[in-house]
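K.L.:
One-letter residues, chain by chain:
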Amino acid sequence: MRTLLLASTIALFAPAASAQTVFLDDATIVDAKGQRVTSDIIWADGAIVQEGANLTAPQGAETVSGAWVTPGLFAPMSTLGLTDLGSAGRGNDISAEDAPTSVSERAADSFNPRSPYIANTRGRGVTHAVVAPGTSSGSIFAGTGAVISLTGEFDSVLIEDAFVFLSLGEAGGARAGGSRAAAMAQLRAAISDAEGFFRRYNDAPDGGDALSRQDANALRSAVNGDIPMMIQADRASDLVAIIRLKDENPDLDIIVVGATEAWDVADELADADIRVIIDPLHNLPTSFEAVGARIDNVLFLEEAGVDYAIANLSSFRVVKPASLAQHAGNAVGEGLDWGTAFAAISSVPASWFGVESETVVVWDGDPLNATSAPIAVTIDGEVMSMDSRITALRDRYNPLNTDQRPHKYR
Amino acid sequence: MKNYLVPLTLTLAALAACQPASENKAAENSDKALAFPSTYSPQPSNTVLLKNAKLIDGVSKEIREGDLLVADGKIAFVGTGEVPDDATEIDVEGRFVTPGIIDIHSHLGNYPTPSVRAHGDGNEATSPITSEVDAEHGVWPQDPGFDEALQGGVTTLHILPGSANLFGGKGVTLRNVPSRTVQGMKFPDAPETLKMACGENPKRVYGAKGGPASRMGNVAGYRKNWIKAAEYKAKRDKGGDYKRDLQLETLADVLDGKILVNMHCYRADEMVQILDIAKEFDYKVTTFHHAVESYKIGDILADNDVCSAMWADWGSFKMESYDYIRENVPFVHAAGACAMIHSDDENNVQRLNQEVAKTWSDGNRAGLDISKAEAWQWLSTNPAKALGILDETGTLEAGKRADIVVWNGDPFSAYARPDKVMIDGAILYDRETGLKPKSDFRLGHADLSEGVR
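Residue numbers (my numbering), protein chains in the order written: chain W, 1 to 410; chain R, 1 to 453.
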C-alpha cells in the first residue's frame, strides 16, 4: 500500500512528516465569523508560519493551489463515542431503557474517545461536537450531555455537564405516558423539584413531584440557567409552549433541537432569546408534527435574527456529523449567505458552550461543497492524524493497490 | 428493453385466445400479464429546443456543448440537428443538461411520509417467503416524497418491498409523475423485479418466529424454495393441469429469466455465496443493493456481470454495514463492475447528484481518474441498465424518452438545483415559474407558499 501514490499532499500533512513545509498558493482563508480573504500561506509543523499576498514558495516546499483554510467544524448534535454500532446492543450507550435514573445520566461517563467514528468524523473537518444522550421510556429527560474535542484522547471531554437534554412534542409525549400535556406537566414538576431541591428533598429522597433526588440535583444547574436546557421539539405549537415556559422561567437558557416549524414562530423565538438547532434539509412532512417542514426554514430564522446552528438530524446517527458541511452547503444552495452558513457549523455553536479552541482545517476546496475534503486538521496546535478505520479499509482494497499478497497481509 | 420478455408475453397472450392452449407455452401467464396494467400516458409536451447546453449524456466521458431537441416526448437529437419551425427555443445559456435521475432503491409510496405506523406498507413481515406480494399494492401515490424527489431531478423510481424476508416480493418501476393511481405511474413494459434479502434482517425478524435464525437458515431457505420453484416451473412448462400459485409463479418466472433479481446484501462473502446459489439453480442476480462491501469483491462482481447499488457514505448503523468506505461506488466502477448510487431514503433521493459528487471526489482523491461525465452513469445509465429500461431512458440519446434535467449550476455541487425537470418531454417541475406537483396530503396544513423574501 505504501507504494501507492495517494494525493501527495496528504502525506505531506501527516504528523510523521510535520517537519515538511507546504506553500498554499492563493489560499482562501476563513475566519471564525465566516469572512473570507485570499492569501498565500507558508505552513509548517501544523501551523501557519507566514501569511500574505504574493509570498514566494520556500525552497523544497510542496505547493498546493486552491486550498481553503478554516477553523474546525463544531457539530451541534451527535452521539459520537456513545455507541459501537448504530443498532441497539450492549455497546450502545445512547439511552438506558431500564434505568431508574434520567437527568443524572451523563454522556461523559459513557463517552469513548477511542471510538473509530471519532477519527472518521475528524477526517471530515469536525474538531468539536456536542454529545447528547437519547430519551427512554418513563422520562422526557435523556440525561446530561457533554462537549468534546475530536482528538481521540482521554482528556477530550471539554465540558462534562454541558447541558440537559429532553424531548417534548410527539417523542416527549410518548416518554411521559402518552400526551404533550403529560410531557409538559412532567417538565414543570421537574423544574419545581430542582428549584425547591433543598426544601423538598432535605429528609425525603423521594420528596419530588417528578424526579428522584439525584435527578433533581442534576437538573439544578439547567434550571438556574448555568447550563442550557436542550429541548427536542418540532411543531410550531410546541415551540410556542416552550416560549411560554421561558416566559414563566426567565432564567432558563433554552436551545431547541429540531424546530422544524420554527419559521412559523421565528420572530417570537428571537424575542424570547431561544436558540435553535435545525436540519436545513428537513422538508418532508415526516410526521404530523412536521407537516410544516420546509427547505427554507433557515432563511426565516436568519431574517428574524434567531441565534441558530445547523446540524444533520436525520439519516443514520453514528455517521451523522460527517455530512455537517454538506448540510450547511445546502443551506447556501437555498440562499443563505456562505459565511453565515459556515458560522452556523463552527463559531456559533462553539460560542454557546464557550469553547475557545485553536483549530485549523486545510481543505482541498470550498469546505461547504460536496466535492471537498480536509487535507489537514489541527486542534490546539496538535496535528491530527488523517487516518481512520475507513481510510485503512480504503487503502487495503484500493483497486490501484498493486500488492499481490492476500488482503489480510496488506 | 425490447429484449425482455414482458412485451413478448403480452403479445403472445393476446394471440393465445385463438390458439389451442397446449400449443402455446407462453400463454400460461396470460392472467398475470393482464393484471394491474400500466395506464401511464405522458403529459402533453411541446417541441422544445434546449440551446447552448453543457451536456452530460450518460454515455460519453466528456461534457459536450450543444443543443438538444425534444419532439413528441422523445429526444430528437443531441448536439446538432434539424430544428422544426414549431420548436420553442429555450436558451439554457451554458447550464448543465443531464438525463433524469433514476433511483433503483426507493420506498417512496410504500413507506411514505408522514411516517405513521399505518403507512408501513413495505414489509409483509408475516413469513420469510412472500414472493407472492407486489410492492405496487403498497404504494400510495400521494406520498409527498414523490414530489420532492421530482424537484431533485428524479424521473424514474424503482419501489421495492423491504428486507425483512428472504423473498420479499416484487418491485415496481415507476415514472415519477403526478397520478391518482399507481397504475398511472407504472413504467410501461418495464421488466418485473423481485426483492430478496441477505443477512441480518431476515434472521432478526424471524429468529424467534420459526426461523431463519442464522445466515445458515437464510441460505437453506433460499435453496428449499428454488427447488419448489423448479418443480413448479417443470409442471408449468409441460402445460398440463397445475394449480396457479402466486408465490411459486414469481420464482418460476425468475428461473425463466423474466424477472430481475434485486438482492439486499451488505457483506462481500455473503454476496459470493448468493452467486453460487444462483449458479446452482440457474438464475441471475441482476443487482446487489446496499452492497456496502462490494469494493472488496469488485473483480468477482465484474466477472459475474452483477451490478451494485450503493450509498456514498452511509454505514456502521449495524454490524453488516460496519466496513463502509466512502469510495465504494468508484472502486467497484474501477474494477470494471456495474456501479450505481441508490437512496433507500426519502431525503437522499432529493440529492442523489450530491451523493455521487461526494463518492466521485473521494474516489479520485484515492488516486482514481474518473471524469464527472463518466460518473454520471451511476445516476441514470447504470440504474436504467439494471432495471432493463436502458433502451428507453437513462441517457440523452436520440429516440429515447425525453427524461431531462436542466440544472442551475454544476450538478456535482451542494449548491446546484434542478431548474427544469422533464418527463417524456413534459416539463413537470420548473423552478423559475414555480410549477410543481402538490400531494393531496399537503392541502389544508401549514401554508408553505410564501417565502421569506
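Since the hints were made in silico from the structure, they are not lab data.
There could be a bad hint or two in this list.
As the list claims (entries may be wrong) - In silico EDC-like cross-links for lysine to aspartate or glutamate, where the CA-CA straight-line distance does not exceed 16 Å: (1) K318/R x E356/W; (2) K372/R x D410/R; (3) K318/R x D84/W; (4) K74/R x E397/R; (5) K408/W x D269/R; (6) K228/R x D256/R; (7) K408/W x D323/R; (8) K74/R x D419/R; (9) K284/R x D303/R; (10) K51/R x E93/R; (11) K33/W x E356/W.
Fair warning: this is a prediction, and the values are worked out from it, not measured in the lab.
K.L.:
Does each hint fit the structure? Answer for all of them.
P.N.:
Now for the hints, and whether the structure bears them out:
no.	hint	result
1	K318/R x E356/W	violated, 35 Å
2	K372/R x D410/R	holds, 10 Å
3	K318/R x D84/W	holds, 9 Å
4	K74/R x E397/R	holds, 9 Å
5	K408/W x D269/R	holds, 14 Å
6	K228/R x D256/R	holds, 14 Å
7	K408/W x D323/R	holds, 14 Å
8	K74/R x D419/R	violated, 20 Å
9	K284/R x D303/R	holds, 13 Å
10	K51/R x E93/R	holds, 7 Å
11	K33/W x E356/W	holds, 14 Å
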